[in-house]
Every structure is written in structure tokens, then in C-alpha cells.
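Using the sequences and the accompanying hints, generate a full structural model.
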Amino acid sequence: KNEVEQSPQNLTAQEGEFITINCSYSVGISALHWLQQHPGGGIVSLFMLSSGKKKHGRLIATINIQEKHSSLHITASHPRDSAVYICAVRSYNTDKLIFGTGTRLQVFP
Amino acid sequence: DAGVIQSPRHEVTEMGQEVTLRCKPISGHNSLFWYRQTMMRGLELLIYFNNNVPIDDSGMPEDRFSAKMPNASFSTLKIQPSEPRDSAVYFCASTVFALSETQYFGPGTRLLVL
Chain A
1 KNEVEQSPQN LTAQEGEFIT INCSYSVGIS ALHWLQQHPG GGIVSLFMLS
51 SGKKKHGRLI ATINIQEKHS SLHITASHPR DSAVYICAVR SYNTDKLIFG
101 TGTRLQVFP
Chain B
1 DAGVIQSPRH EVTEMGQEVT LRCKPISGHN SLFWYRQTMM RGLELLIYFN
51 NNVPIDDSGM PEDRFSAKMP NASFSTLKIQ PSEPRDSAVY FCASTVFALS
101 ETQYFGPGTR LLVL
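Those protein sequence lines, which keep their order, are chains A and B. Per the working numbering, the first sequence runs over residues 1 to 109. Per the working numbering, the second sequence runs over residues 1 to 114.
Keep in mind that the hints were calculated from the coordinates and are not lab data. All values derive from a computational prediction rather than experimental measurement. Just so you know, not all the hints are guaranteed correct.
Said to hold, decoys possible - Calculated lysine-lysine pairs in the BS3-like style (CA-CA distance at most 30 Å, straight line): (1) 96/A with 68/A; (2) 54/A with 96/A; (3) 53/A with 68/B; (4) 24/B with 68/B; (5) 96/A with 68/B; (6) 24/B with 78/B; (7) 53/A with 78/B; (8) 68/B with 78/B; (9) 68/A with 54/A.
Claimed, not checked - From the structure, some residues in chain B lie toward chain A, with a derived Cβ separation under 10 Å: (10) 14; (11) 37; (12) 44; (13) 48.
Even glycine gets a Cβ: it sits at the ideal position worked out from N, Cα and C.
Structure representation (C-alpha cells):
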């Protein structure tokens, strides 16, 4: 079992839909990152969380430390949101970054 | 700021050749990370530096891989000799300090070893 699991693996949506991507982890962490990888390959760091919730534009990231779970929400989705979304955690014990395998999102007009 | 700069953007080489990938972090950033991304394994952290000093190289797959950071504005990742299984996209990222900061990624170097 992977230490960081994302669901779903693939997601399609119509423009305007509300989207949720989930990340569950099995290790103690000191931080959790959400990354966005565009179809061209570039990677952008969206959020770094250690507790609570963060919002940036139409993106919202939440984390529940007790449940070892984080969600990334996209409101009013748009085709330009089409990308792979990657969750990564920093292990509290080893200090290493552990990556999920990503969620591929496609938003159709 | 130009962001993290990587070169080359694409590299095609033959098995056994030496490959050198280069990275210039964002000015003022003290931590630099090298990642590898493949279809099979996803993103993997290879090594990271704080203040030019390698902190954790446990992700470096083999002795064929080496990384240096001679100064705050330049790092290299070298593969010698290269093998087809090294084919991947190699990303460099930098942060102001440490793993828990927001990371800024370079565009990546797509390496193909034939």
C-alpha cells in the first residue's frame, strides 16, 4: 500500500462543475503540498498546508491531521484547470517528501 | 524574476554517455531540490541542498548519479554512465529555506537515453 494515495486517479468534468480531489496518507507528517502539473509538463506548487484550510482564487485546500486526509477543491471549474494534481507529504519521522501518483483532471467546455 | 532555470530542456543521448543537467535556482533561495519523474514511479526526490550543502541524497538511485552545488546560483546533476532506464523528466526546484516551504519548479529536462 502506498504511503500517499490519491483518488480518483482520473476525473472528467464539465466546465463550471465543483471538483474535489482527495489525498490520504499513512505516515505522520509535518506538511502537505498540492502541486499542479500542466499538460506541457511544468509543475506549479499550489498550496503547502500543515493544518486547517487555505484558499487561492477558485482553489481551496483542506487538511484533517487526525484523519490523515486532505482535499483539493476547485470551484467553477474551467478547461484551463485541466492538469495532473499531485499530493505530497513531508514525513515527520524521516523528513522525506513522499508523492502521490496524481489525479488527472480534464474539464470540458 | 526569471524563475528556476534548467538546461538543457531536452537531451537525447546514447547508453554509456555522460549526461549533465544544470539548474539555476531563484536568487535568494537557499534550498535546491532535484526530482525525477517517470510514468512508472511518478515524482521522486533525488537530493536536496541547503545553503549549497547536500542534506539528503538517499533518493539518488545509484553511484552513477551525482549532484553538486558549487555556489548558491548553480547546481548540476550528472549521470555517468547513462542507461536507458534513466530516461525521465528531471525537475529542479528551489525554496527560500527547507522542505516545508512552497517550492518553485523549473521547466524540467526531458532525458532520453537510447
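For each hint, the structure was consulted:
In summary, the hint linking residue 96/A to residue 68/A is supported, as the alpha carbons are separated by about 17 Å, within the 30 Å threshold. A hinted pair counts as satisfied when its Cα atoms are at most 30 Å apart, and residue 54/A with residue 96/A qualifies at roughly 23 Å. Pair hint residue 53/A plus residue 68/B does not hold up; C-alpha atoms about 37 Å apart against a cutoff of 30 Å. With a C-alpha separation of about 12 Å, the suggested pair residue 24/B and residue 68/B falls inside the 30 Å cut-off, and the hint holds.
Using a Cα cut-off of 30 Å, the hinted pair residue 96/A and residue 68/B holds, with the two alpha carbons roughly 20 Å apart. Straight-line distance between C-alpha atoms of residue 24/B and residue 78/B comes to about 15 Å, which keeps the hinted pair within the 30 Å bound. Of the supplied pair hints, the one linking residue 53/A and residue 78/B is violated, its CA atoms being roughly 40 Å apart against a limit of 30 Å. Proposed proximity of residue 68/B and residue 78/B is supported: the alpha carbons are some 8 Å apart, at most 30 Å.
Between residue 68/A and residue 54/A the alpha-carbon distance is near 17 Å, which keeps this suggested pair within the 30 Å criterion. The beta carbon of residue 14/B is not positioned within 10 Å of any beta carbon in chain A (closest approach about 23 Å), and the interface hint is therefore violated. The interface hint given for residue 37/B is met, as the beta carbon of that residue sits about 8 Å from the closest beta carbon of chain A, less than 10 Å. The beta carbon of residue 44/B is positioned within 10 Å of a beta carbon in chain A (closest approach about 7 Å), and the interface hint is therefore held.
Evaluation of the residue 48/B hint against chain A yields a held restraint, the C-beta minimum of about 9 Å falling below 10 Å.
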